[in-house]
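Asker: Sequence:
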Amino acid sequence: MSEPVIVQERAGGKYTQDVITSRHHLYADEPASYGSADLGPTPYEYLCGALGACTSITMRMYVEHKKWDVSNIRVKVSHKKVSRGEAPARDVFTRAITIEGDVGAEQRARMLEIAGKCPVHKTLEASSEVITLEA
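According to my numbering, the sequence shown holds residues 1 to 135 in order.
By construction, these hints were calculated from the structure, which means they are not laboratory data. Values in this document were obtained by computation on a predicted structure and should not be read as measured data. Wrong hints could be hidden among the right ones.
[Said to hold, decoys possible] So the derived label-pair ranges between C-beta atoms look like this:
1) Pro31 x Glu106: 39 to 45 Å
2) Val82 x Arg60: 25 to 31 Å
3) Val92 x Pro119: 28 to 34 Å
4) Ser83 x Glu9: 16 to 22 Å
[Stated by the list, open to error] Derived EDC-like pairs: lysine to aspartate or glutamate, alpha-carbon spacing no greater than 16 Å straight-line:
5) Lys122 x Asp102
6) Lys66 x Glu125
7) Lys81 x Asp69
8) Lys76 x Glu100
9) Lys81 x Glu125
10) Lys66 x Glu30
11) Lys67 x Glu100
12) Lys76 x Asp38
13) Lys67 x Asp102
14) Lys76 x Glu30
15) Lys80 x Glu129
16) Lys76 x Glu106
17) Lys80 x Asp69
18) Lys67 x Glu106
19) Lys81 x Glu45
20) Lys14 x Glu30
21) Lys80 x Glu9
Idealized CB from N, CA, C, for every residue including glycine.
Given the sequences, and given the hints that come with them, work out the whole structure.
Answerer: And the structure:
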């Protein structure tokens with residue numbers, strides 16, 4: 001089990017939050033257009049960031065293992081809700097991956113395949129369970 005992340009309201013904006021991990025202190029917020037102070041990323045921006053970071057890290061670990069000449073990996077992630085007929089709207093995350101370096105088409109294809117193996121990707125694709133307890 002991972003270390004818990006503590007999120008609590010803070011002064012600043014209507015929805016401003018402290019996000020406290022075992023080693024870092026971050027902020028989450030909503031934009032000024034929602035009446036808040038825009039002091040940090042929105043929760044969905046954090047979720048996109050988690051997917052992008054995990055994807056890039058997973059690819060970098062693979063590239064290092066293979067000793068391929070990749071100078072930079074960039075992952076641009078977007079999110080939207082998509083409705084299809086009568087079914088409930090689904091969350092759709094789109095990743096645009098840029099690979100810089102001296103690698104051929106076959107290596108690039110393999111790296112894109114490896115992107116699908118990042119743990120956050122797997123978590124988002126699988127059905128998850130959220131358990132809520134009163135502390």
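Asker: So, for every hint listed, does it hold in this structure?
Answerer: Quick rundown of the hints versus the structure:
1. Checking the proposed 39 to 45 Å range against Pro31 and Glu106 shows it holds: the Cβ atoms sit about 43 Å from each other.
2. Taking 25 to 31 Å as the suggested C-beta distance range, the pair Val82 and Arg60 conforms, at roughly 30 Å.
3. In this structure, Val92 and Pro119 break the distance hint of 28 to 34 Å, their C-beta atoms being roughly 19 Å apart.
4. At about 32 Å, the CB distance of Ser83 to Glu9 disagrees with the hint of 16 to 22 Å.
5. A hinted pair counts as satisfied when its Cα atoms are at most 16 Å apart, and Lys122 with Asp102 does not qualify at roughly 28 Å.
6. At roughly 27 Å between alpha-carbon atoms, Lys66 and Glu125 are farther apart than 16 Å, so this suggested pair is violated.
7. For the given pair, Lys81 sits about 37 Å from Asp69 by alpha-carbon distance, which is inconsistent with the 16 Å threshold.
8. Only pairs whose Cα atoms come within 16 Å are accepted, and Lys76 paired with Glu100 is accepted, the gap being roughly 14 Å.
9. At roughly 14 Å between alpha-carbon atoms, Lys81 and Glu125 fall within 16 Å of each other, so this suggested pair holds.
10. Note on Lys66 and Glu30: the hinted pairing is violated, with a Cα-Cα distance of about 41 Å set against a maximum of 16 Å.
11. The straight-line distance between the Cα atoms of Lys67 and Glu100 is roughly 14 Å, inside the 16 Å bound, and the hint therefore holds.
12. Using a Cα cut-off of 16 Å, the hinted pair Lys76 and Asp38 is violated, with the two alpha carbons roughly 21 Å apart.
13. Under the criterion of a C-alpha separation no larger than 16 Å, the hint pairing Lys67 with Asp102 is consistent with the structure, at around 11 Å.
14. Simply put, Lys76 and Glu30 have alpha-carbon atoms about 21 Å apart, too far for the 16 Å limit, and the pair is violated.
15. Under the criterion of a C-alpha separation no larger than 16 Å, the hint pairing Lys80 with Glu129 is inconsistent with the structure, at around 21 Å.
16. For the hint pairing Lys76 with Glu106, the CA-to-CA distance comes to about 22 Å; that exceeds 16 Å, so the pair is violated.
17. A C-alpha spacing of about 34 Å is found between Lys80 and Asp69, which places the hinted pair above 16 Å, so the restraint is violated.
18. At roughly 15 Å between alpha-carbon atoms, Lys67 and Glu106 fall within 16 Å of each other, so this suggested pair holds.
19. Distance check on the hinted pair: Lys81 and Glu45 sit about 14 Å apart at the alpha-carbon level, within 16 Å; holds.
20. Distance restraint check for Lys14 and Glu30: the Cα-Cα separation of roughly 8 Å lies within the 16 Å cut-off, and the hinted pair is therefore satisfied.
21. Annotation: proposed proximity of Lys80 to Glu9 is violated, straight-line Cα distance about 26 Å (limit 16 Å).
In this structure, the hints that do not hold are numbers 3, 4, 5, 6, 7, 10, 12, 14, 15, 16, 17, 21, in rising order.
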